[in-house]
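Colleague: Residue-level listing of the chains:
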Amino acid sequence: MWRDSRVVATLLAATLLAVAPARADETSLVLAEGDGVGQVKAFCSICHSVDYILMNSPIQDAAGWDKTVTKMIKVMGAPITPEDSKIIVAYLAQHYGKDSGG
Amino acid sequence: MDRRKFLLNSSGTVVGGLLIPRIVAATAESLPAGAVSSGILDAIPGKRPLIKRSFRPPNYETPVSVFREEYTPNDAFYVRWHSAVPEVHLADWRLRVAGPGVQRPREFTHADLTRRFKVAAVAAVNQCSGNRRGFFSPHVPGVQWGYGAMGNAIWSGVRLKDVLEDVGLTGSALEVVGNGADAPTLTGPDFVKSVPMWKALDPDTLIAFEMNGAPLPLANGFPARLVVPGWTATYWVKALADLQVTDKVFDGFWMKTAYRVPKGMFGVSGFESQDTEQNSPITAIKVNSLVVAPDPGAPLAVGRRAEVMGIAWDGGSGIRSVEVSLDGGANWREARLARELGRYSWRQWRYAFKPGTAGVQTVMVRAFARDGSTQVDKLIHNPAGYHHNVVQSVDFHVA
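So the protein sequences, as listed, match chains G and L. Throughout the first sequence, residue numbering follows the numbering used here, covering 1 to 102 in sequence. Throughout the second sequence, residue numbering follows the numbering used here, covering 1 to 399 in sequence.
Fair warning: there could be bad hints in the mix.
[To be verified] Using 30 Å as the maximum straight-line C-alpha spacing, the simulated DSS-like pairs for lysine-lysine come out as follows:
#, chain 1, residue 1, chain 2, residue 2
1, G, 98, L, 263
2, G, 71, L, 263
3, L, 118, G, 71
Please keep in mind that the hints were generated in silico from the structure rather than gathered at the bench.
Construct the entire structure; sequences and hints are all you get.
Modeller: This is the structure:
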C-alpha cells in the first residue's frame, strides 16, 4: 500500500548508496506481510536492520510502538511523514504488538 | 532457515541436537519470543559465531560458556554499536585533546602517545548498561540482551590522566567528553559521552589500544577506546577520536536523555554534574554473579560429586564472597573463590556438592562485594532496563 512509491523508492535507493552495504545476512530477515510492511522496510531499514523489530516483539502495545516510532522521527531524524508514521505504528502493533501473539 | 545458523534459547544455549535448553525456574527469566527466534549464531569479520541481536548496527553477545575463561578472548568479545562501525587506519588516526578546560590543546598520533607516556594496563569487566535487559519483566524496549553483553579483559594503553596533565587542565575543568569516529546515519545525535574529572583522573582510566595483548578488534573500537573500569561500557567510547575538557555540563542526547536511571533508585551516581532532580546517569556496575558451568543440558548424577562454576564482579570494590543455596534460598553456603585478578575484574568461583535425589536441583547464587553490597532478590524495574542483578536460579536435572 504505497502512498507515493516513487518517493520511497528514491529514498531507499539513496540510502543504499549512502550507507555501507548491508551484509547479506540482513536480507534473510522476514517481516510479516500486511499493510504498511513497505513503509517499514523502506524507512526503518534506513538506519537499522529489522531484527530490531523482531527482537522487541511481542512486548509493546500500539502506544509503545508509537513512542518508539516518534523517537525515531524526532530524535534520530527518520524522514517519516505523520501519515506514514500512523501506518507504520498500526503495522507494528498488529504484527509485532503485545497482543499480536507474534 | 540458514543451515549454518542455530536457534538459541533465552540463555544463549544452542537448542537442538543433544543439548537441552537451560531451565531457569525461580526468576522465570525469558527473553521476548522475537528475540529468541531472531537470536541466531552468526559470525562477523574478526569474530567467532556470537549470538546476533541485530545485524545493523552490529549488536552481538557472547555465549555464556565462553565466560569459563578468566579473560574473554577478543574474537568472542561482545559487540555493541549505536551506528555503523567506523573503519579507522592507525596511520591516519589522531586524538584531539582540547576544550575550555585545557591549557595547551593538541593532537596526538598513536606514536606520540605510546612514546610520550608510560604504558598502563588494567584487568576489567566491560559490561553493557543493558546487559540482561531481555530478562526484564515486564519487558522494556531496547536491544534484548541476555547474559552475554559483557566480557573480561586486560586493557592496555596510556593513562587518560597522563594525557590530561600533559595538555594541562584549567581550574574550570568539569567533565571530559569523549567522541568516537562513528557517526549517526541520519540527523540523529552523535554518540558522545562524558565522565567527571575524578573518574578521568583515576590512574586506572585508560586510553587503550590493546585488549588481552592484541590490538583492539575493529568491532571493539580499534584503534583506541576509553577504558573506564567499574563503570558500564557506555562510557568506554570506541574508535576514540576527540576529547574535550569542558567547563560546563555536557548535554548531548546520550548523556542528558539516554543512559539514565531514576534518581536514588540505585544509590548515588558519583557524577554530580550530570544528576538532575528526576534522574542520574547510570555509572558503576552493580555487584553480580553468573553460573557458567556445567553445561545447562548436562544431567547431574545422584550421589556423585557435581561442581558448579561461575563468575562474580562489581563496580570495583572487589568480590568478598559468593554464596550458593541448594534449597531455594533457605540456607546459603560459601563458594570457593579463585585468585583475584584485580578489583575491576570478575572473579571465578566454584561450589561442589552431591545431589541426593533424582529430579530437579535448583542452584541459586549471590555475590557480596567488599563495599558490603549484594544482589537483589527481586528486579528493580526501571524504564531503560539497566542494572539487572537479580540472584540467578539455575535448574539442573539430576538422574
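Colleague: A separate judgement is required for each hint: does it hold in the structure or not?
Modeller: Status of each hint after checking the structure:
1. For the given pair, residue 98 of chain G sits about 29 Å from residue 263 of chain L by alpha-carbon distance, which is consistent with the 30 Å threshold.
2. Proximity of residue 71 of chain G to residue 263 of chain L is assessed by CA-CA distance (about 23 Å); at most 30 Å being required, the pair is judged to hold.
3. Simply put, residue 118 of chain L and residue 71 of chain G have alpha-carbon atoms about 44 Å apart, too far for the 30 Å limit, and the pair is violated.
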